[in-house]
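Listed in order, the protein sequences are those of chains A and B.
One point on numbering: in my numbering, the residue at position 219 of the first sequence is 223, and numbering is uninterrupted.
One point on numbering: in my numbering, the residue at position 140 of the second sequence is 144, and numbering is uninterrupted.
Check before you lean on any hint, since a few could be wrong.
Copies of one chain are not kept apart here, so a pair can be met inside one copy or by any two copies together.
As the list claims (entries may be wrong) - Below, a list of computed lysine to any residue pairs in the SDA-like style, where the Cα atoms sit at most 20 Å apart:
#1 Lys232 / Thr44
#2 Lys228 / Ala259
#3 Lys340 / Gly484
#4 Lys232 / Val314
#5 Lys75 / Glu290
#6 Lys271 / Val281
#7 Lys232 / Asp322
#8 Lys113 / Arg316
#9 Lys75 / Arg55
#10 Lys457 / Ser318
#11 Lys377 / Pro464
Calculated directly from the structure, the hints in this document are not laboratory data.
There are 2 protein chains.
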Amino acid sequence: MNASAQDPGFDRAARLRQLVAALAPLLPPHALLHQAEQTTPYECDGLTAYRQRPLAVALPETEAQVAAVLKACHALGVPVVARGAGTGLSGGAMPHEAGLTLALARFNKIIAIDPEARTARVQCGVRNLAISEAAAPHGLYYAPDPSSQIACTIGGNIAENSGGVHCLKYGLTLHNVLRVRGFTVEGEAVEFGAEALDAAGLDLLALVVGSEGMLAVVTEVTVKLVPKPQLARCLMASFDDVRKAGDAVAALIAAGIIPAGLEMMDKPMTAAVEDFVHAGYDLTAEAILLCESDGTPEEVAEEIARMDAVLRGSGATDVQASADEAQRLRFWSGRKNAFPASGRISPDYMCMDSTIPRKHLATILLDIQQMEKKYGLRCANVFHAGDGNLHPLILFDANDPDQLHRCELFGAEILERSVALGGTVTGEHGVGVEKLNSMCVQFSPEEREQMLKLKAAFDPAGTLNPGKQIPTLHRCAEYGRMHVKRGLLAFPELERF
Amino acid sequence: MNASAQDPGFDRAARLRQLVAALAPLLPPHALLHQAEQTTPYECDGLTAYRQRPLAVALPETEAQVAAVLKACHALGVPVVARGAGTGLSGGAMPHEAGLTLALARFNKIIAIDPEARTARVQCGVRNLAISEAAAPHGLYYAPDPSSQIACTIGGNIAENSGGVHCLKYGLTLHNVLRVRGFTVEGEAVEFGAEALDAAGLDLLALVVGSEGMLAVVTEVTVKLVPKPQLARCLMASFDDVRKAGDAVAALIAAGIIPAGLEMMDKPMTAAVEDFVHAGYDLTAEAILLCESDGTPEEVAEEIARMDAVLRGSGATDVQASADEAQRLRFWSGRKNAFPASGRISPDYMCMDSTIPRKHLATILLDIQQMEKKYGLRCANVFHAGDGNLHPLILFDANDPDQLHRCELFGAEILERSVALGGTVTGEHGVGVEKLNSMCVQFSPEEREQMLKLKAAFDPAGTLNPGKQIPTLHRCAEYGRMHVKRGLLAFPELERF
């Protein structure tokens with residue numbers, strides 16, 4: 005077992021000396037940081053509520069250095085936490101107090117774009133948007149587009165299996181990655197996946213995508229590129245009832261339409277963003293749907309007409325189509341700025357990320373309205389409606405311990421209700437440290453045990469990003485909430501099939 | 005470790021008595037077979053060259069029986085091999101001589117079709133085509149369509165991650181399955197995946213799909229359904245040069261077109277199938293491409309026009325578009341009957357299943373022509389060109405040991421060349437027992453070791469479908485061929501990026 009700070013015999017200074025002595029010969033001097041003022045910038049990722057300074061930070065520049073650092077840490081039993089741009093929202097890259105943060109920002113080269121095969125081979129530290137920028141001269145782009153795409157790295161996207169507004173039509177990271185190259189905790193080079201249709205044997209690529217840096221350290225990625233659509237147009241629909249908007253989403257999908265984006269904002273969120281971006285949103289609507297079509301002009305014209313008919317048939321009180329690209333971007337401006345806009349109306353907010361079957365969207369929105377009363381806190385809703393991926397923003401003041409406590413209970417209830425509706429506790433932000441307890445609710449002890457065994461198959465000593473994603477059986481016992489997955493039985497009205 | 009027939013002390017009769025004594029109280033009498041005349045029908049799957057009678061066959065009818073049988077076999081250390089319809093082409097369901105075949109044919113109920121969510125929940129023994137038939141009244145169907153879809157089961161499709169002619173556009177089984185329910189080797193119930201966008205934690209669903217029954221026994225599956233397109237039309241293009249046909253495939257994809265099907269047949273195959281189906285194929289062409297578009301009439305008209313332009317621009321000597329549904333089905337009739345047609349021109353054939361990056365299609369076709377001379381055997385080619393998934397059919401006479409030997413060498417060389425071109429040894433048929441040696445070529449010892457560890461994380465004693473898919477390190481050492489994955493260096497002209 006690795007030395008842990010929980011261990012009463014843990015001597016931080018001695019451990020640091022030992023680690024620096026082992027790593028200094030392996031890295032250039034500027035690539036090893038261990039003074040407090042150097043390591044403090046690495047103390048959290050985008051989930052700023054959880055902070056921890058690492059013992060040291062390594063910034064390797066070559067794969068040989070990554071392998072050597074991993075081997076050295078493995079020999080010493082020192083935990084290793086890989087880190088991309090630090091934009092994650094669940095604390096997946098939060099440092100370990102007795103561990104090394106392996107910062108991969110310098111792996112920022114685009115190795116090759118192959119327009120014929122429609123692939124890009126890039127290092128792990130390349131920014132998501134930089135791939136699309138490099139592919140643009142060939143009329144191609146990389147489809148998954150998390151809100152943080154200007155900053156987040158492809159390595160981080162793989163760790164969290166990131167999504168974005170386009171993933172309803174184009175898939176999650178998993179569906180857009182062909183191959184990864186990286187290193188095991190022992191520092192052995194491995195490649196998972198293939199540039200061909202499918203790799204033989206067990207699908208280790210799929211397992212590594214979304215594993216939050218707990219199975220291997222990825223250094224190089226081959227992604228699929230897709231053709232930039234000739235045209236995109238967006239419909240903005242107003243609804244006087246949240247239930248009608250939720251049902252419109254289900255009706256669109258049931259009609260065989262797969263929008264390039266399908267997003268919903270409720271009234272509190274619309275008010276917050278309109279004040280911020282002045283996009284001309286309908287402030288009287290209980291919910292607004294943004295529904296995008298992309299493709300050739302013929303395809304878009306035909307699809308927009310069908311979307312419009314379904315939205316009006318579902319009770320939309322108003323439907324506007326973007327007349328040009330400027331208007332389309334204005335329609336999206338509020339959605340894209342929902343998080344900063346929320347920061348202006350409340351001192352703090354907690355963003356949830358649960359996902360439910362689309363048909364239950366209206367149900368959970370009405371449930372959340374009830375929870376607002378129960379916990380005495382407001383909640384603004386913006387989400388990837390087409391995917392059923394909710395992002396409720398619970399508004400609170402972290403300086404008020406009672407509000408913080410109520411906010412946590414509110415969030416946990418949203419997650420439990422999502423699981424009971426047949427959903428999951430995280431759609432695209434990952435589990436990290438934030439949703440460890442919720443994993444106890446979603447998975448049975450046998451299922452969690454299976455995940456722990458898989459983790460051990462890659463990392464028997466448990467030194468790769470320890471304490472993330474998979475709660476220990478002990479932790480779940482302490483949390484004391486029941487596994488509710490099969491709790492569907494408690495909601496017989498939902499047992500539609 | 006499980007008792008093995010290789011063990012000199014293995015007493016088959018005693019082992020059988022012990023197994024029957026343990027299972028008889030758990031199953032109705034008609035659901036437990038152990039006489040030779042009862043178990044012989046189970047001695048092989050679609051790969052008839054490998055045969056082995058199991059110790060016994062259980063045909064459970066309920067999940068409780070599956071769990072009880074697994075628990076009993078686990079306690080006795082008896083290997084268990086799950087079986088669907090037995091249509092697999094790589095011997096994945098070949099019995100173990102000291103083991104139980106768990107035949108799941110009676111799990112044949114369609115539990116529910118949910119047209120709104122566009123999902124079907126079915127038992128594992130439901131036939132692939134039966135799902136589409138049940139969904140048809142709602143205008144929906146299940147997209148992956150292996151050639152055996154009239155007979156093969158969804159459980160078997162999951163074990164092999166099956167594809168089909170539509171998987172270029174609609175994805176493999178992995179991309180069309182939302183959730184599975186099943187049992188571990190110890191008989192514990194587990195569920196992997198979710199009806200929502202993405203499940204939290206490690207992606208055990210993706211790992212189980214394609215794991216050839218080595219990690220768990222799946223009893224229930226929730227799949228995605230897609231809307232039946234309003235219209236489908238097919239182009240048939242002739243080429244006077246295999247290289248031009250291969251390059252046309254790459255050009256279509258590079259043009260941003262994703263055909264609903266994109267299949268190629270070479271001249272020997274065209275001659276064989278024309279003689280069989282009389283579809284009016286161009287017998288003078290060196291290669292024929294079938295290229296399908298589906299969608300709304302507007303989408304199809306626009307896409308067919310673009311496909312036609314790319315095919316002609318790539319040097320097609322003739323391009324015909326299907327004028328009606330009858331003609332479209334006639335175009336496809338030869339492709340769909342390629343395997344039986346081959347059976348008429350040769351006493352035996354061996355079907356390969358390797359997959360390569362599309363851009364190398366022409367290269368490997370020319371290589372295969374060279375190999376025909378080298379081994380003195382003919383090879384007819386039919387394949388999922390859009391996926392780069394080859395199905396070369398090596399024609400031989402199994403009664404001639406020298407031909408059989410040359411055929412095996414020919415097949416191994418195709419697989420090694422595919423791996424060297426950046427491909428894989430199997431696209432959709434699985435590894436089973438047939439391609440165990442080729443796995444040594446595709447994967448490094450570290451990568452195979454990682455797969456073995458994952459297997460052990462689910463099944464420490466190794467009693468779930470032992471001896472399939474993942475070769476032991478010892479076996480690869482005996483096979484004596486090198487891992488060639490990074491052998492790309494030996495083909496610097498291929499290092500396009």
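Task: Which numbered hints fail - done: Result: hints 1, 3, 5, 7, 8, 9, 10, 11 break, sorted rising.
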